[in-house]
Amino acid sequence: MSEIDEKTFRAEVADWMARHLVGRFEVLRHRGGPGDETAHPELRREWEQVMASGGWIGLGWPRAHGGRELPVSLQVAFHEEYARAGGPGRMGHIGETLLAPTLIDLGTPAQQQRFLPGIREGRTFWCQGYSEPGAGSDLAAIRSRCWLENGEWHLQGQKVWTSLAHDSEWIFVIARSTPGSVGREGLSFLLVPLAQPGVEIRPIRQMTGEAEFNEVFFDDARTAADCIVGAPGDGWKVAMALLGYERGLSTLGQQMHFSHELQLLVDAARAAGVDHDPALRRRIAEAWIGLRTLRANALRIFARGESGVGPEALVYKYAWSNWHRSLGELAMDVMGTAGDLQADNDPLRRLQQVFFFSRADTIYAGTNEIQLNLIAERGLGMPRG
Amino acid sequence: MSAVITEEQQALRDTAAAYLAGHANARDGRDGDMALWQGIAGLGWPAVIVPEACGGLGLGLAEAAVLLEESGRQLTRSPLFSGVALSHPLLLRCATEVACQRLLPALAEGRLISTVIAGPGLSPFVDAAGLEIRARCDGAGWVLDGTAAQVLDGDTADLAFVVARLEEGGMGLFELPADSQGVSRRPLPAWDLSRPQACWTLDGVRLAAEARLDAPGTVDAGLSAALAVTALLLAAEQVGGAARCIELTVAYTRERQQFGRPVASFQAVKHRCAEMMVKLEGARSALAGALAACPGLEGALALEEVAVARVQAAGAYRFCAAEAIQLHGGVGFTWEYDPQLHFKRAQWGGQWFGTPDAWRDAVADALFGRREEHE
Chain A
61 MSEIDEKTFR AEVADWMARH LVGRFEVLRH RGGPGDETAH PELRREWEQV MASGGWIGLG
121 WPRAHGGREL PVSLQVAFHE EYARAGGPGR MGHIGETLLA PTLIDLGTPA QQQRFLPGIR
181 EGRTFWCQGY SEPGAGSDLA AIRSRCWLEN GEWHLQGQKV WTSLAHDSEW IFVIARSTPG
241 SVGREGLSFL LVPLAQPGVE IRPIRQMTGE AEFNEVFFDD ARTAADCIVG APGDGWKVAM
301 ALLGYERGLS TLGQQMHFSH ELQLLVDAAR AAGVDHDPAL RRRIAEAWIG LRTLRANALR
361 IFARGESGVG PEALVYKYAW SNWHRSLGEL AMDVMGTAGD LQADNDPLRR LQQVFFFSRA
421 DTIYAGTNEI QLNLIAERGL GMPRG
Chain B
7 MSAVITEEQQ ALRDTAAAYL AGHANARDGR DGDMALWQGI AGLGWPAVIV PEACGGLGLG
67 LAEAAVLLEE SGRQLTRSPL FSGVALSHPL LLRCATEVAC QRLLPALAEG RLISTVIAGP
127 GLSPFVDAAG LEIRARCDGA GWVLDGTAAQ VLDGDTADLA FVVARLEEGG MGLFELPADS
187 QGVSRRPLPA WDLSRPQACW TLDGVRLAAE ARLDAPGTVD AGLSAALAVT ALLLAAEQVG
247 GAARCIELTV AYTRERQQFG RPVASFQAVK HRCAEMMVKL EGARSALAGA LAACPGLEGA
307 LALEEVAVAR VQAAGAYRFC AAEAIQLHGG VGFTWEYDPQ LHFKRAQWGG QWFGTPDAWR
367 DAVADALFGR REEHE
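As you go down the protein sequences, you meet chains A and B in turn. Letter by letter, the first sequence follows residues 61 to 445 of the numbering used here. Letter by letter, the second sequence follows residues 7 to 381 of the numbering used here.
Because the hints were derived from the structure by calculation, they are not lab data. A quick note: this is a predicted structure, and the numbers were derived from the prediction, not measured. One or more hints might be untrue.
[To be verified] Covered by chain B, according to a simulated footprint, are these stretches of chain A (three or more residues, beta-carbon under 8 Å):
1. 355 to 361
2. 372 to 383
3. 426 to 433
Note that CB positions come from ideal geometry on N, CA and C, so glycine has one too.
Construct the complete structure from the given sequences, taking the supplied hints into account.
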């Protein structure tokens, strides 16, 4: 494939979005994603198939697996243009950006042929079964058990905080396959269909009143013997490899989303007539400065490329999640007493959701406290306690 | 310019770090200062952003930032900042080509030490009414009057570049030798001994016509752009200082034992150090972003990107210096240990070249339109 010029590519994405995110899909603009996952789930599943028909799923996958093998710079450009156009939060991102690269690297050819097409075509949706009630920050404390019996894997246990489980067909799970093993040893990585009698999904109602996460109960759930990635006992290695594929390509897209929220906040300040207030103006300026800093930080990460994880990558999750939390607080302070009421118009409702949901940002994917431990130990070489 | 530093910049950084580590002078008496300055001049640093046509190296702001970062790390007491970060951008932005060619070669060689007088705190948001010095045309020459209460490096500077309020309105840029008749200067006792200051009083100082350096009408816009460059390079200095505070603190807490283990192994201590690193890396990213947007002195300056670097670096440095004192425990409060020096330098840097709040206000004005317009 010949070198694609980034500017042309960006224009191509923008043009495609302008032609497709219209009509009945128009309502999806800027909707979905963490904090808004319950918005139009059925329509967003359909949208995934529209995306697939445009060739926008699997941009970075090898061509041998039906991908486009685009360089990182163009994948980043895609996410940025997608978000700029108000592209909805993706329903298929767990399959596309986490499971698929794992299968491509560590799966068998049969697994690749079976699972990759459904992901690429926007037909099969995946969720991630890692956390358990007793295994949060201490993920290796997993207690779910699995065993091979009569040519099938059996699964017993419970997962929690599973995003999008109610909108997914499959879940990937780490469970303990060696009885009596502890910590990272004796775990296996299984691919499990959700539509079966042994699986029960219970939504968790969160502080926003919505339910984006679930508990997933496995009571002698089954999956085929070949639905294991890696060998029995390699589960931790596979699970960590999977997390390593999240390379932050959608980071600038996420920032575009933040930028949209900040603009909603600026508009809300004007509408509320508090844009004269010097203290609020300064805080809003501070939020803008913080977002520009996140952008500069992301550009440092991309500039470093493959040459390892730099300090800027280490601090990034802590930085963005805390920035986002402050943005939510600021939005509520802009609204004043009006923020006491559940807004029924879109921009204000959105900002209220940011205020509440961003409390989760500093908890999932490594809490603030775990992030600070990692920064101190890996970034500053301080001893483990 | 990209967000990563080039090999040349890395080489410059290594040279600067090696030289300054052997010549740290922040706590010593004055005696060594001139020797250090001559060493710095010998390495060509004062020439860094001076164009080749004016006897300089003609490098960009990124290279100047590398030097200032290293000098901030070592808290170097020298007129490097007043030259590279302050005087040179002002001349390059506001002085005529003839004036630049006459003045910059000696400054680039470090033969003359210069400073700037342009309103209290050298704020880029100053207007003509805020300037302390007045200038009136007197036949063939100029007469300058007024008091500049705090002039950076004012005790040692050979000359000051003065932005004065013109009698007919607007601003003018003047070259003022320190030994001019009618100039009296009084050294001031600054808390930050590495940033000496003096009060300059100008009483009917007569200057020749050539002492006016600007092409009329250029200073009003040029001054704020020049001082924005100063703010950007100050951010580089502060990034160096904040990084040093973290290094010192991590080293000290690893060494210091309490309850039978290194203090650095306590989570409360680790988290505070990690917070320092989060702030430092934010400032570093902001600085890289601003340098990418403002590679050189020509053309429009991306003021909002400078604001990002200015606010983040000032905040990071103050935070890291204060945490360094706390995490050093009792010795952090002593004269002997370095955190107090950084704490004073950080405090100084929050007040000059537009306070972080003034920069935030500038950003808010850009987001909302100026506040006055609504009132």
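Outcome of the hint check:
Residues of the stretch 355 to 361 of chain A lying with their CB closer than 8 Å to a CB of chain B number 5, which satisfies the three-residue condition for coverage. Note: the stretch 372 to 383 of chain A has 5 residues with beta-carbon separation from chain B under 8 Å; the three-residue rule is met and the coverage holds. Evaluation of the coverage hint for the stretch 426 to 433 of chain A: fulfilled, as 4 residues show C-beta separations to chain B shorter than 8 Å, against a requirement of three.
In this structure, none of the earlier numbered hints is contradicted; all agree with it.
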